[in-house]
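Work the whole structure out from these sequences, hints included.
Just so you know, the sequences run in chain order X and B.
Going letter by letter, the first sequence gives residues 1302 to 1577 in this note's numbering.
Going letter by letter, the second sequence gives residues 13 to 425 in this note's numbering.
Calculated directly from the structure, the hints in this document are not laboratory data.
Small disclaimer: the values here were computed from a predicted structure and weren't measured.
All residues carry an ideal CB built from backbone N, CA and C; glycine is no exception.
With a straight-line cut-off of 25 angstroms between C-alpha atoms, the simulated BS3-like cross-links for lysine-lysine are:
id: 1; chain 1: B; residue 1: LYS284; chain 2: X; residue 2: LYS1430
id: 2; chain 1: X; residue 1: LYS1401; chain 2: X; residue 2: LYS1430
id: 3; chain 1: X; residue 1: LYS1416; chain 2: X; residue 2: LYS1488
id: 4; chain 1: X; residue 1: LYS1488; chain 2: X; residue 2: LYS1542
id: 5; chain 1: X; residue 1: LYS1488; chain 2: B; residue 2: LYS284
id: 6; chain 1: X; residue 1: LYS1542; chain 2: X; residue 2: LYS1514
id: 7; chain 1: X; residue 1: LYS1461; chain 2: X; residue 2: LYS1416
id: 8; chain 1: X; residue 1: LYS1433; chain 2: X; residue 2: LYS1416
id: 9; chain 1: X; residue 1: LYS1548; chain 2: X; residue 2: LYS1514
id: 10; chain 1: X; residue 1: LYS1433; chain 2: B; residue 2: LYS284
id: 11; chain 1: X; residue 1: LYS1338; chain 2: X; residue 2: LYS1461
id: 12; chain 1: B; residue 1: LYS284; chain 2: X; residue 2: LYS1416
id: 13; chain 1: X; residue 1: LYS1461; chain 2: B; residue 2: LYS284
id: 14; chain 1: X; residue 1: LYS1433; chain 2: X; residue 2: LYS1401
id: 15; chain 1: X; residue 1: LYS1461; chain 2: X; residue 2: LYS1514
Here's a subset of chain B near chain X, in silico, CB distances under 7 angstroms, partners left out:
id: 16; residue: ASP242
id: 17; residue: ALA286
id: 18; residue: TYR424
id: 19; residue: PHE425
Just so you have them, the derived chain B footprint on chain X, three or more residues with Cβ under 8 angstroms:
id: 20; segment: 1394–1403
id: 21; segment: 1423–1431
id: 22; segment: 1439–1445
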Amino acid sequence: MNVKRSSQSGFYRSLFVVIGVAIFSGPAVSQEPAANKSAVERGLAIALEADQRDSGFEDTTVSFTMLLNLSGVEEIRREMRQLTLEVEGDGDKSVMVFDKPRDLNGTAILTFTHKVGSDDQWLYLPALKRVKRISSADKSGPFMGSEFAYEDLSSQEVEKYTYTYLRDEPVEGEPSFVVERVPVDPKSGYTRQVTWLDQSEYRLRRVDYYDRKGELLKTMTLTGYTQYLDQYWRPAKMIMKNHQNGKGTTLIFEDYRFRTGLTDSDFNRSALSRIR
Amino acid sequence: MRHQVRSIDLPSLILIPLLAYGQFVDAAADASVSSFTDSASSEWTGYASLDSQLFLHSPAYSAQDERSLSFAFQPEYYRNWDDRAQTFAFTPFLRIDANDDERTHADIRELFWRMDAEQFVFKAGIDTVFWGVAESQHLVDIINQTDLVENIDREDKLGQPMLNLDYLNDWGTWQAYLLPYFRERTFPGKDGRLRSEPLIDADDVIYESGSEEHHVDFALRWSHYFGDWDIGIAHFSGTSREPLLILGDSGSSLSPLYVQIDQTSIDVQVTKGAWLWKLEAIYNQNNVDDYYAYVGGFEFTQFGVAGSAVDLGWLLEYNYDERGDSAATVLQDDIFFGVRFSDNDIHNTRILAGGTVDANSNSIFANVEASRRLNEHWVLGLEMRLFTNVDEEDPLHQIRDDDYVEIQLMRYF
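Encoded structure:
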């Protein structure tokens, strides 16, 4: 239903084209699906190009601070680190380690992202030294009480969405592609996302998230991109604004490192207790 | 309830120094910087906790009190160097209890050196190791001794001296342990609540092995995952962590008897969407009475109940022990059910409420554990344990009057 609504403006535009073409060239009933097909193909092509440009990084580590803006006055700070290992032919493996608040110090989450099917996740609880396999079905739940959901922060594999190219539109003066993506997983908290990728480097600049009712829920903007190893672009900030509750969360990334020599044995259940 | 719960008055005399100490450690912690790519890093972290237990009934024995106050302190030092290939850890623990001298104790939870070399990890020193998947008890978890005076839930462990080698390959994780020294279980003293009668005399320990606490134990474990399945198979050979209790010569106290055992175990978890299916089973061979025991059940989580951020988890587990009523455990034919609440907000409020019902005697052990983060450093905890309808044959009968509520105020740094 929401998908329908989202494509309405596109539909009207197509309608004009169809009418125009119909006037000058007779029946053109097949034009509409053809146009949709090309929009789908183009959307996927943009997603694949962005993915291709970001492949081959091997591994990265990054530290980040999460600032939770609750009422505009109160700001709460969380600190964590993430390690990511690129996996050939499947989704990335990652470990997230919490440093602050201190009651979570050393708590870690290991995720094996899969291109198809649900991800594998393990949680390490340092107080008990316990590694627990957890359900990865909780996609839409808030991450650490923030405005980011777990699925917003998980590895964005191409296969996790279907794509439709919508239009070209500048973001902060940069010509960008606007591509709608619909999550494949029915457990997703979103019916669709509208993404802006700049045309020069295929960097994600903005995402609008639409909730299960089809209403605009959140907007994420990504800023301060820096290029590493002459290829890989990473943002310094990701700002999530929730339009429905007025709250916001900012992620500030620091100290990106690439090809640090991480291997499979660093992304193992038993490695979780040693990551600290 | 024969006695009214009195109002909680956390003595300001203790609270004020705790707050002052908090300011000091904040300053210390801010000075430390951790990054996992630096060639060397070190940090001091940890917590201090002020705990107040309020017992709902008058004590069964004259030396016991109606409430207790205690303080715990656990600093943790970590140091990584050699591009994180080597680690040194030191975690001492101290508990000071106003009532029970036996509960006032210190331990070294961690004191080890570890070397990581790709697929191999070698560790020498004192550490804690957790095995298993179940919630109502940790049946296959055997490396460490239980620090029973800390909590009757048996989740607190004494540091175990060990040499440990882990090997990781495509076939799973292989772990070998050599355990050169045995830690004796801690028990409450005569002033403490939640104790047996006759009292267990922790100083009058009997070993089956002539080497006593110097008997060298071994353990091996293989664990791996296959899609939705996580499996662990282990074998332990050495001194039983669980003592048998025998009446001492004087007849006025119980003595812990530690026999030699060979225990083989399996633990399995199958994770299917929001359902976690769990099984732990052991076979224990010894010179007294071989037996098997298992615990199995599920945990099902409803994520985002009614459009909110709240998760509700439903737990059900069945515990069986072949020894029946003669088992040293309370859980010989018992059903555990529980509900886990988490609000997923910045306070990380969590509540686990549950009950264990004995299928034969209908004795009920009810349990609530809750915690809430107050701010970046402070966490408030609440624990309630009730023993209801306890049958005379049930080991819980000895602590039937020890229903309690505990409030914990913890400061992390």
